[in-house]
Structures are given as C-alpha cells and as structure tokens.
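Peer 1: Quick note, the sequences are listed as chains A and B, same order. Residues in the first sequence are numbered consecutively from 1, following my numbering. Residues in the second sequence are numbered consecutively from 1001, following my numbering.
Errors might be hidden in some of the hints.
[As the list claims (entries may be wrong)] Computed cross-link-like contacts, SDA-like style, restricted to lysine to any residue with a CA-CA straight-line distance of at most 25 Å:
| hint | chain 1 | residue 1 | chain 2 | residue 2 |
| --- | --- | --- | --- | --- |
| 1 | B | K1040 | A | L6 |
| 2 | B | K1085 | B | S1035 |
| 3 | B | K1040 | A | C128 |
[Said to hold, decoys possible] Simulated restraints on C-beta separations:
| hint | chain 1 | residue 1 | chain 2 | residue 2 | range |
| --- | --- | --- | --- | --- | --- |
| 4 | B | A1039 | A | T26 | 23 to 33 Å |
| 5 | B | L1033 | A | S125 | 43 to 53 Å |
| 6 | B | L1033 | A | L152 | 54 to 64 Å |
| 7 | A | L31 | B | E1024 | 16 to 26 Å |
| 8 | A | T158 | B | E1019 | 36 to 46 Å |
If you're looking for bench data, these hints aren't it; they were derived computationally from the structure. Glycine included, C-beta positions come from ideal geometry on N, C-alpha and C.
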Amino acid sequence: MRELSLHILDAAENSLEAEATLIEVTIEEDLAADRLTITIRDNGRGMSEEQLTRASDPFFTTRSARHVGLGIPLFKAAAERCNGSLTITSQLGKGTTLEATFQHSHIDRAPLGDITGTLLAIILSGSCDVHYIHRVDGREFAFHTGEVRARLGEIPLTHPKVRRWLEEFITAGETELLI
Amino acid sequence: MKLRELCRQLSLEVRTAPEKLDMEVTGGYATDLLSHAMAKAQAGNVWITLQGHPNIVAVASLLNLAGVIITEGMAPEPATLEKAKEQGIPILTTPLTTFTVVGKLSALGVRGVDET
C-alpha cells in the first residue's frame, strides 16, 4: 500500500467486523529512537488462539467469499520490510490489539498518508467510538468521539456540519503536530 | 502466447508448478506494491516484481495469474516456493531487471492491462 493510513483503515474494518464499540488508534513517532509505532486496539469479540496464529497467513481468512485474506499479511510485510514487526494479541470476548512498528527513516516506509480521511471513514461508519492519539516526540494530538458525542447530544456525528467540523478539527490537529 | 514459450524466450528459471506452463498468457503487469497488483492485474497475466514474500502467491492465486516473474536475481523465500507448489502457481526467476523483462515481453507481443 502506498500509505500507512490504508493499513489502519483495513485493521479498523476488522475491528468493526468484530463488533467493537471502541477502537483506539495510536500513532507514536519517536524520532530520537527512529521508530514509528501504530497501535489499533479494539474491544471486539477477539480471536481464538488458533485464529490468532493464522492471522498473518494470507491463505487464512474469516471471509467465505474468497480463499485468501491479505490485510494483515500486507501490513506485516510492510513493517518487516522497514526493520519493524507486527504483533497481535487477542482475548476472546475482550478484544484485539495490533501493533506495527517501523524504522521511521526507512527509505521504503510509506508515508502516513490521509489520516483525516481514514479517521473520518471509521468514525462515520457510525457504529463505534474512536479514540485517536498521535504523538510526535512527546507532543500530542488526541480526541475521543465519545466526548464529541456527549457535547452534541441528539445531533449525530454523521450530520454534514459535524462531519465538516470533524474534518477541519482533525486536519488542524494533524497539521499542528507537524509544524 | 503460452507461458512455456515465454519462459524459453526469456530464459526464465521455472522454480515451481512446471505442470502449469501451458496456460495462455493474457497480458502483463509490473509492480512491487502487492495492493496495486491486487487492484490491477488481470486473470492470466504474468506479474513482474522483485518481491519474494509468500504474500505474492496469495495475490497470484486470488487473481488466477498465469505466473510470477521475480527479477534482479532476488531469491524467493522457501515458504514462497512451498506455497506456490501447493497452489500450482508458476514462480519464474531471472537475473534481469524488471525494466528489461518488461521490454522483452513487450517485444514478444505481451500487452499491459491498459492496452488490452
């Protein structure tokens, strides 16, 4: 994939399929240690030990429509190509945590890409809260859709005006981190 | 053109699935990004890449590709060869670069997905 955000979107789709009500997306950029860590943690139904050991096998998929599943295998290969790794821990009934690390400066590391669009796609899927944390060398941009929802009361997150506000809010937060 | 003839013309080393070389090659696609291969390559295409990871077998199997050409003398991982054998996907290797392989294929009349 050309952008790491696409891997995040793909992993979040797995969380939604696992009926998570909260997805935590954490991006940690430690420039001193030359490390980029992406964590996607959910409170979905989790995986059995057997499912877990086969999650990185492209010839194993939870889908019945086709016989291969490449979401996690591609994410793992991307991390390993950049001197990193991908690990998944999971507990049935509790949830799943996926952590991918990359050498930040690796020449083959894809850029983060369209984080705003990715988060909006997850948030506007409607069924789940998102807790997002992006740290760059100790500075932080974070929000929780639960807090936004509480302030909005009856108004749904999918309302066009809320959607536009979210888009501007995330874009501004991300931009500020990079200055 | 059959895959067998293409292997002969380019002196490709057939690493797996020699029983599948009579497949008709419908065209070619070259990329090292697996997600792009998934999106663009067509059934019966040969895919030219320098990736040797087992994931290439999954992509080739998903799309029913005729075979995968691994360039620049890159050695496919043992797990890749094992999976390819199991799935009946021809893995072909060459010391040539992707650019040169694509040029030769083009001269042989193998067309890209945007030309067919």
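Peer 1: Any hints from earlier that this structure breaks? Give me their numbers in increasing order, please.
Peer 2: 3, 5, 6, 7, 8
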